[in-house]
Structures are given as C-alpha cells and as structure tokens.
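Visitor: Sequence:
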Amino acid sequence: MQVFRTNLTPGMTVLLVVLAILFAFIVIPLLLIAGFVWLVCNAITGSTPLELYLRRKARRRPSFAQDDFEQDDVRETAASGDDTIDCEVISARTFDENGQEIR
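For the sequence shown, the numbering used here assigns the number 1 to the initial residue and increments by one for each residue that follows.
No lab work stands behind these hints: they were computed from the structure.
For each residue, glycine too, the CB sits at the ideal point set by N, CA and C.
Hints are not guaranteed to be accurate.
[As the list claims (entries may be wrong)] Here are the computed distance ranges between Cβ atoms for each label pair:
id : residue 1 : residue 2 : range
1  : V37       : I90       : 45 to 51 Å
2  : L8        : W38       : 34 to 40 Å
3  : L54       : I21       : 32 to 38 Å
4  : M12       : T48       : 35 to 41 Å
Go ahead and model the full structure; you've got the sequences and the hints to work with.
Guide: Listed below in structure tokens is the structure:
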C-alpha cells in the first residue's frame with residue numbers, strides 16, 4: 001500500500017520524515033520559547049537580551065581608545081571598571097529655617 005506518490009528513494013523518504021519530526025518537535029518549540037523570553041526581557045528591562053549582553057561585554061573590556069584630555073586625568077581606582085563617578089564634597093553646611101548656619 002502506497003500512501004504518498006513520490007519519486008524519492010525509501011532512504012530519502014525516511015530522512016525527510018526524520019527531519020520533519022526533528023523540526024516540528026524540537027526547533028519550533030525552542031524558537032517559541034526564545035521568542036517568549038525575548039519579549040518578557042524586553043517588557044521588563046526595556047532592552048533586548050542581545051543589547052544587555054553587548055552592554056555587559058563592553059563594560060568588561062578595557063577602554064584603549066581615549067582622548068588626550070582623558071589620558072591626562074586617568075586614575076586607577078578600585079572602581080575604575082564600572083560606571084561610577086568620583087566626586088568630592090567641598091563644603092557642607094546645614095541651615096535652619098531662619099537661615100542661620102547650624103554647627
């Protein structure tokens with residue numbers, strides 16, 4: 001009994017059926033799961049997972065291309081690898097409601 005009329009050899013027909021099963025039960029569900037994770041990540045963080053990965057990768061890589069102005073003021077600190085800003089408090093005064101300085 002012949003179900004399908006085809007010019008393929010029996011080996012090619014078996015290979016085609018195996019590939020169809022593999023595609024239907026493994027590849028498509030993986031793509032659906034990846035798409036769902038992509039949408040959830042985009043909804044929560046506002047960025048795609050690829051953007052988050054590239055941002056994290058760029059943060060780990062040392063910056064070799066700096067301006068001459070930035071090279072003069074480069075200091076190696078413990079926080080030089082992250083995006084923190086070093087600041088210094090010059091003056092801190094507290095005033096009461098009458099404008100008098102509290103010491």
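Visitor: It remains to establish, for every hint, whether it holds in the given structure.
Guide: Hint by hint, here is what the structure shows:
Our hint of 45 to 51 Å for V37 and I90 holds, since their Cβ atoms are close to 48 Å apart. As the Cβ distance of L8 to W38 is approximately 37 Å, the hint placing it in 34 to 40 Å holds. At about 36 Å, the CB distance of L54 to I21 agrees with the hint of 32 to 38 Å. At roughly 40 Å, the beta-carbon separation of M12 and T48 lies within the given 35 to 41 Å, and the hint holds.
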